[in-house]
Amino acid sequence: MTDYPLSSSPARTGRILRRLLAATAVAGMLAASPALAQDAAIDADAVIRIGSLYEPQNLDNTAGAGQGISEAFNGNVYEALFQLTDSGDVVENLATGYEISEDGLTYTITLQPGVTFHSGDPLTSADVKFSIERVTAETSQSSRRNSLANIESIETPDDETVVITLATRSISLPYNLSYVWIVNDAATELTANADGTGPYRLDAWRRGSSLSLTPFENYWGEAPSNGGVVFQYFTDATALNNALLTNAVDIITAVQSPDSLAQFLDNPDFTVTEGQSTTKLLLAYNDRIEPFNNVTVRKALARAVNDEQLLQSIWGEYGTLIGSFVPPTDPWYVDLVDVDAYDPESARELLAEAGYPDGFSFTIDTPNYDPHPIVAQFLQNALAEVGVTVDINIITANEWYTKIYQAQDFEATLQEHVNHRDIVFYGNPNFYWGYDNPDVTRLIQEAEQSATVEEQTEKLAEANRIIAEDAASNWLYLYPQIVVSTASVSGYPINGLNSQFYAYDIEKRAE
Amino acid sequence: MLFVLLRLLPGDPASALISVGADASQIEAAREAVGSNLPLAQQFVRFVSDLARFDLGNSFVSRVPVLDEISARLTITIPLTLFAFLLSIVIAVPLGIIAAVRADRWYGAAISTVSQLGIAIPVFWVGILLVSAFAINLRLFPSGGFPLRGWADAGEALRALALPVLTIAIVMSASLLRYVRAATQDVLGSDYLRTARALGASFPEALIRHGIRNGSVPVISILGIELATTFLGAVVVERVFALPGLGSMLLLGIEQRDYPNVQGVLFISTLFVLLVGFAADLVQRLVDPRLRDRMGGRP
Numbered sequence: 001m002t003d004y005p006l007s008s009s010p011a012r013t014g015r016i017l018r019r020l021l022a023a024t025a026v027a028g029m030l031a032a033s034p035a036l037a038q039d040a041a042i043d044a045d046a047v048i049r050i051g052s053l054y055e056p057q058n059l060d061n062t063a064g065a066g067q068g069i070s071e072a073f074n075g076n077v078y079e080a081l082f083q084l085t086d087s088g089d090v091v092e093n094l095a096t097g098y099e100i101s102e103d104g105l106t107y108t109i110t111l112q113p114g115v116t117f118h119s120g121d122p123l124t125s126a127d128v129k130f131s132i133e134r135v136t137a138e139t140s141q142s143s144r145r146n147s148l149a150n151i152e153s154i155e156t157p158d159d160e161t162v163v164i165t166l167a168t169r170s171i172s173l174p175y176n177l178s179y180v181w182i183v184n185d186a187a188t189e190l191t192a193n194a195d196g197t198g199p200y201r202l203d204a205w206r207r208g209s210s211l212s213l214t215p216f217e218n219y220w221g222e223a224p225s226n227g228g229v230v231f232q233y234f235t236d237a238t239a240l241n242n243a244l245l246t247n248a249v250d251i252i253t254a255v256q257s258p259d260s261l262a263q264f265l266d267n268p269d270f271t272v273t274e275g276q277s278t279t280k281l282l283l284a285y286n287d288r289i290e291p292f293n294n295v296t297v298r299k300a301l302a303r304a305v306n307d308e309q310l311l312q313s314i315w316g317e318y319g320t321l322i323g324s325f326v327p328p329t330d331p332w333y334v335d336l337v338d339v340d341a342y343d344p345e346s347a348r349e350l351l352a353e354a355g356y357p358d359g360f361s362f363t364i365d366t367p368n369y370d371p372h373p374i375v376a377q378f379l380q381n382a383l384a385e386v387g388v389t390v391d392i393n394i395i396t397a398n399e400w401y402t403k404i405y406q407a408q409d410f411e412a413t414l415q416e417h418v419n420h421r422d423i424v425f426y427g428n429p430n431f432y433w434g435y436d437n438p439d440v441t442r443l444i445q446e447a448e449q450s451a452t453v454e455e456q457t458e459k460l461a462e463a464n465r466i467i468a469e470d471a472a473s474n475w476l477y478l479y480p481q482i483v484v485s486t487a488s489v490s491g492y493p494i495n496g497l498n499s500q501f502y503a504y505d506i507e508k509r510a511e
Numbered sequence: 001m002l003f004v005l006l007r008l009l010p011g012d013p014a015s016a017l018i019s020v021g022a023d024a025s026q027i028e029a030a031r032e033a034v035g036s037n038l039p040l041a042q043q044f045v046r047f048v049s050d051l052a053r054f055d056l057g058n059s060f061v062s063r064v065p066v067l068d069e070i071s072a073r074l075t076i077t078i079p080l081t082l083f084a085f086l087l088s089i090v091i092a093v094p095l096g097i098i099a100a101v102r103a104d105r106w107y108g109a110a111i112s113t114v115s116q117l118g119i120a121i122p123v124f125w126v127g128i129l130l131v132s133a134f135a136i137n138l139r140l141f142p143s144g145g146f147p148l149r150g151w152a153d154a155g156e157a158l159r160a161l162a163l164p165v166l167t168i169a170i171v172m173s174a175s176l177l178r179y180v181r182a183a184t185q186d187v188l189g190s191d192y193l194r195t196a197r198a199l200g201a202s203f204p205e206a207l208i209r210h211g212i213r214n215g216s217v218p219v220i221s222i223l224g225i226e227l228a229t230t231f232l233g234a235v236v237v238e239r240v241f242a243l244p245g246l247g248s249m250l251l252l253g254i255e256q257r258d259y260p261n262v263q264g265v266l267f268i269s270t271l272f273v274l275l276v277g278f279a280a281d282l283v284q285r286l287v288d289p290r291l292r293d294r295m296g297g298r299p
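Chains as they are written, first to last, in the numbering used here: chain V, 1 to 511; chain W, 1 to 299.
No wet-lab data here; the hints were simulated from the structure.
In this text the structure is predicted, and so the values were computed from the model without any measurement.
Just so you know, nobody snuck in bad clues.
To give an idea of the interface, some chain W residues facing chain V are shown, with a C-beta separation under 7 Å as derived from the structure:
| id | residue |
| --- | --- |
| 1 | Val61 |
| 2 | Ser62 |
| 3 | Ala135 |
| 4 | Gly145 |
Which residues of chain V face chain W? A partial, calculated answer using Cβ under 7 Å:
| id | residue |
| --- | --- |
| 5 | Gln57 |
| 6 | Asn58 |
| 7 | Thr191 |
| 8 | Ala204 |
| 9 | Arg206 |
| 10 | Gly208 |
| 11 | Ser209 |
| 12 | Ser210 |
| 13 | Ser212 |
| 14 | Gln232 |
| 15 | Phe234 |
| 16 | Asn242 |
| 17 | Ala248 |
| 18 | Asn398 |
Every residue, glycine too, gets a C-beta built ideally from N, C-alpha and C.
The task is simple: from the sequences and hints, build the whole structure.
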């Protein structure tokens, strides 16, 4: 048996480290802001009001609850065996350690002792087994179900030990388990209730309006730095901004409208923080069909678009350029911005070389919400410069799922992909964009079978390079992750990876 | 009708449940969960038979009974509608009468002009103006949202409703005022008012004793229509003020293709409109004995 401690320190040290990281990042980014004045006392009983546009559809992440539930519940109400920190590391949480067998197929995980659920039941290995099987079940709507499909069996030799046996090696198992909420196996009706082990328990949910969490008295770890949190939900970004302006909320988790930032930027009452998001905006071609099955055509289109100008015109000085699908917070990030950089002259040459000297025309199925329609128009103009005609077909989010995702009936589409570590989609030839390069498929499969993280990282970085050279899709830019708060609160997560928003370290100064 | 129109929309309700990364079996499971894998005819039979038992089904997305969610949201939409309705009567009736009686004075004309303006501006614009004035600048009322505890927190709930109510009342009273003014003008030119004056009643006395009762008959039927319109118009106002009422439920339901929710809201709204129409008829008959006689079948 080989011991692979993920981090030599327990989860608590991880939290302190995270707090330090968050603090330095905020301080570094906000040199002009007086937000971090140390003199005012922290009010440990203050309830933090968080404004968000992402209300969960229900309270169960295996029942299609949407990204809002990750924001409200991950790490707050429910904990997992491992936790993905705001900086992108995987640390132990309800697991205190684990051992991997020589063949890499058996994981023996030890549980944190003395943990109780909000209902008072103790955490046992049976709860862990129940929780993992909830995600892998036939009826599960979890987007993570596939990544756990290679689990062959889960055994519970005693209350503190869980033994997971895999069909094939899976270096990402701890990472994948960070999405699996540990739920009390006696809990029912999880679409409307919650029973987790997190620092907060669910207090009330007023559908369409707000969801409140109160500190859990018997939490096994460090108590939250605040007296609870209330998520206030809005459907209209302006209404949300007004709420922050009028002190009805303390924080906006993710500002989506660049225009609204101005009113907070020049105001000392507010703090604007930019973190690293994982949301990538891309023009995805249907790589199965003419002319997009031709690498030269895709490279030409990549060179025809001035991503920098596009990002500038939408987000001003915010956001990041990317040369492939991998954001800087993924361990296998490589700077590939220079691959097929903007060069309309060579774009025209490549098109001629590919047999399209007079260009061609295609339709971009464009989701009807910001920023997609504007981006589609930008692309229309950019591609017209190299002789390619773009028709814009506006569709709803719902049509996107049925027409593009399910039926794969499209030429090209715009979409934002929000997840961390989602390069694996390029290793699946059946995915909606139909990119099929056997080398990439093999590398992505082999990466998962790696014995070490280094090997995995090396293989995925290689796959990343090939995808970029193949111009598999046209990656336009990485969204900024912008959090705006009143100046009296601090300690919130700045990257919000995978829509998570850990609330326990948020502090509010007494006024 | 409702059922057919909704199904004509492109898109599968199951897609609200799935996310990028879902595989074929998960999509099938989602379709099964919401019943969109069944033939349309079968879905329809299921819908009608449930409706007959007043069972509006469960939401596709949140999985809670539609009726539960509607009743929770009605605790916002009904007070919002009623307060706005009462306030607009309080504003419109006296002002409308003044505008008619004093049409020759400057303030009579001013009231008429302002009301014309009130009809012309869209309700969301009024809402935005009020938010910017009373919430952002003066900090008198919240800019939106509703307290978590709802009416258990009555003071906060009332404050949350203040601006939305005012928004609807301003727009509603503008059109109502014009009807009141027209009805009053009719009354002013009538024989019975002249007779009453001739019999020695002072002008206000004659107007109050005879005028209002006669003038109110057409106004009541308009009130019925206005009340129903307000109820439906709450969609826009609830969005501007982030209120978790019936209107926002309808919008969200349409976006997510949550057919049970949309059908449920429309069903309840239709019921409400019918009830209001019926109530308006009843009140009219109470006020005007002539209508009562006709209804009783007497000659």
